[in-house]
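In my numbering, each residue's number is its place in the sequence shown (first place is 1) plus 1.
Think of the hints as simulated: they come from the structure by calculation, not from any bench. Mixed in with the good hints there might be a few duds.
Said to hold, decoys possible - With a straight-line Cα cutoff of 16 Å, these simulated EDC-like cross-link-like pairs (lysine to aspartate or glutamate) come out:
id, residue 1, residue 2
1, K32, E4
2, K32, D9
3, K20, D9
4, K36, D9
5, K32, E69
6, K41, D67
7, K32, E45
8, K41, E54
9, K19, E4
10, K41, E8
11, K32, D51
12, K58, D22
13, K74, D9
Unchecked claim - The calculated label-pair distances, taken between Cβ atoms and stated as ranges, are:
id, residue 1, residue 2, range
14, E66, Q15, 25 to 35 Å
15, D9, E45, 24 to 34 Å
16, D51, K14, 15 to 25 Å
17, F12, E66, 24 to 34 Å
18, E69, S33, 14 to 24 Å
19, N49, L72, 16 to 26 Å
Beta carbons: idealized from backbone N, C-alpha and C, even for Gly.
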Amino acid sequence: MSEINWEDFKFFKQYSDKKNDNFEVLLDFLKSHCKMTSPKEMFEIMANDDTAELMLKKREMHTLEDLERYLYKGFNAK
């Protein structure tokens, strides 16, 4: 399993248009810099990192399903 490289994250954040929300920046970082497309992989990485885990808890995301709801909140399949 991978780990979050916080030094790379800090560099990535400098060029992000979402600088005010570290959680959104982290999601973008995992998607683009770490090439993650699976919410399950993203959740596992975040749940195993102390800082990222605090970000999840702050948003009351305790399960993979909570993260998926957050990621797909604007998606409305019919």
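Hint-by-hint comparison with the structure:
no., hint, result
1, K32 x E4, "holds (14 Å)"
2, K32 x D9, "holds (13 Å)"
3, K20 x D9, "holds (14 Å)"
4, K36 x D9, "holds (14 Å)"
5, K32 x E69, "holds (14 Å)"
6, K41 x D67, "holds (11 Å)"
7, K32 x E45, "holds (14 Å)"
8, K41 x E54, "holds (14 Å)"
9, K19 x E4, "violated (22 Å)"
10, K41 x E8, "violated (23 Å)"
11, K32 x D51, "violated (19 Å)"
12, K58 x D22, "holds (15 Å)"
13, K74 x D9, "violated (27 Å)"
14, E66 x Q15: 25 to 35 Å, "holds (32 Å)"
15, D9 x E45: 24 to 34 Å, "violated (19 Å)"
16, D51 x K14: 15 to 25 Å, "holds (18 Å)"
17, F12 x E66: 24 to 34 Å, "holds (32 Å)"
18, E69 x S33: 14 to 24 Å, "holds (19 Å)"
19, N49 x L72: 16 to 26 Å, "holds (18 Å)"
Violated hints for the displayed structure, listed by number in ascending order: 9, 10, 11, 13 and 15.
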